[in-house]
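A.B. asks: Sequence:
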Amino acid sequence: MRPPTEVLDKFYLLAEYDSEKRIEAIDNIISYSEISKYKKYVVERCIEGLTSSRACVRIGYSGLLTEMLKKFSNDYALFSLEQIIIEKIDSQHNTFSVHSLDVAKVLLYSAIVKCGKYSDNDSVKHIISKLVDIVKRSPLLRIYIYEVIAGIVTNMNGEQFLKNYWEMVKTDNISVEIIWLLSRLPTAHRKAISKSCSYIGCKGEFEFNERHYEELGKALRDCDIAWRPSFIDILARIPNLYEKVIEPFASSGKEDYLKKLERYSICIPVALKYESISVSKIFSKSFASTIFNLSKFSGVTKRLVTPLVHDLIKQIYDTIETRNCDSSEISEIIKLCQEVSKGTFDS
Numbered sequence: 361m362r363p364p365t366e367v368l369d370k371f372y373l374l375a376e377y378d379s380e381k382r383i384e385a386i387d388n389i390i391s392y393s394e395i396s397k398y399k400k401y402v403v404e405r406c407i408e409g410l411t412s413s414r415a416c417v418r419i420g421y422s423g424l425l426t427e428m429l430k431k432f433s434n435d436y437a438l439f440s441l442e443q444i445i446i447e448k449i450d451s452q453h454n455t456f457s458v459h460s461l462d463v464a465k466v467l468l469y470s471a472i473v474k475c476g477k478y479s480d481n482d483s484v485k486h487i488i489s490k491l492v493d494i495v496k497r498s499p500l501l502r503i504y505i506y507e508v509i510a511g512i513v514t515n516m517n518g519e520q521f522l523k524n525y526w527e528m529v530k531t532d533n534i535s536v537e538i539i540w541l542l543s544r545l546p547t548a549h550r551k552a553i554s555k556s557c558s559y560i561g562c563k564g565e566f567e568f569n570e571r572h573y574e575e576l577g578k579a580l581r582d583c584d585i586a587w588r589p590s591f592i593d594i595l596a597r598i599p600n601l602y603e604k605v606i607e608p609f610a611s612s613g614k615e616d617y618l619k620k621l622e623r624y625s626i627c628i629p630v631a632l633k634y635e636s637i638s639v640s641k642i643f644s645k646s647f648a649s650t651i652f653n654l655s656k657f658s659g660v661t662k663r664l665v666t667p668l669v670h671d672l673i674k675q676i677y678d679t680i681e682t683r684n685c686d687s688s689e690i691s692e693i694i695k696l697c698q699e700v701s702k703g704t705f706d707s
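The working numbering applies: residue 361 is where the sequence shown begins, and numbers increase by one.
Accuracy of the hints is not assured; some may be wrong.
[Stated by the list, open to error] Restraint-style ranges between C-beta atoms, simulated for each label pair:
#, residue 1, residue 2, range
1, 362, 497, 30 to 38 Å
2, 456, 361, 26 to 34 Å
3, 388, 689, 53 to 61 Å
4, 544, 431, 26 to 34 Å
5, 479, 689, 46 to 54 Å
6, 511, 440, 19 to 27 Å
Read the hints as simulated data drawn from the structure, not as lab findings. C-beta: ideal position from N, C-alpha, C; glycine also.
All chains, full assembly: derive it from the sequences and hints.
C.D. replies: If you want it as structure tokens, here you go:
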């Protein structure tokens, strides 16, 4: 049964770019006095709307779906929601790509998780298994999926996570998504899996060795560019990983200084946030060499790179002032610059 016009009109507002308008539309639909009469229409329209190519539509519809499931979860077993997936999402395989349909499914399972009404062990296992299956088909969604999984398992105790779920989500090699997941977990969860994970210590801390550094470097190189700054931020918080993983990634490539500058422009601002990483490690010999060689460029290239170089140097300078760095560290940076430029760095 279709709701009256006053409710249907609110669906258009779910697609608004303005998040406040979307939230207001959700509130208006949910609080409609006779919404229970139209729950079937609303839930099914929400699920179908998750296949939209417009991000705002997907966000609005998934938000409304979450609220509907909070209110009417007793009327929707997990199985019945998956039947709607078959009707409203899988049936569109001739219209949308597998990736687009998987986006819709991830948003649906995310709404199911966020509503908080399907937290029994069987439902959680089923949801995680479905999400892991999607990772295999649509690897571009892996970070978001593992973010959803992290939101599920953080609400249980560490031993329960180890016993029922760790085998489902762990990967054979170090990957972006597994480090992402582990960084989101409470220490108790990491303690629980320490005996079955070679790079987690008995206190739940990360413990990496040379082999792990290679795997982390590969994961960073393979990381989707949209997620890379956040992944670098995770790595930068772990002792020794700036010099062992992040700096080698930024400095890789023999003489492609433009690519190096691009990578340093991502890595350095992240590293400067953490006082545990000294400025002398951030202002490395490779970085000094990169900016020195870029200064030799001319024409359009020089005009393009000069503002980027100046901005990075200013960020480093400001950090030196803010941290009140020791004079010995500043002297070390100056000596490095003179060494790289063979005494001509000032010019």
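A.B. asks: The structure should be examined with respect to each hint, and the outcome stated for every one.
C.D. replies: Do the hints match the structure? See the list:
{"no.": "1", "hint": "362 to 497: 30 to 38 Å", "result": "holds, 34 Å"}
{"no.": "2", "hint": "456 to 361: 26 to 34 Å", "result": "holds, 27 Å"}
{"no.": "3", "hint": "388 to 689: 53 to 61 Å", "result": "holds, 58 Å"}
{"no.": "4", "hint": "544 to 431: 26 to 34 Å", "result": "holds, 28 Å"}
{"no.": "5", "hint": "479 to 689: 46 to 54 Å", "result": "holds, 51 Å"}
{"no.": "6", "hint": "511 to 440: 19 to 27 Å", "result": "holds, 23 Å"}
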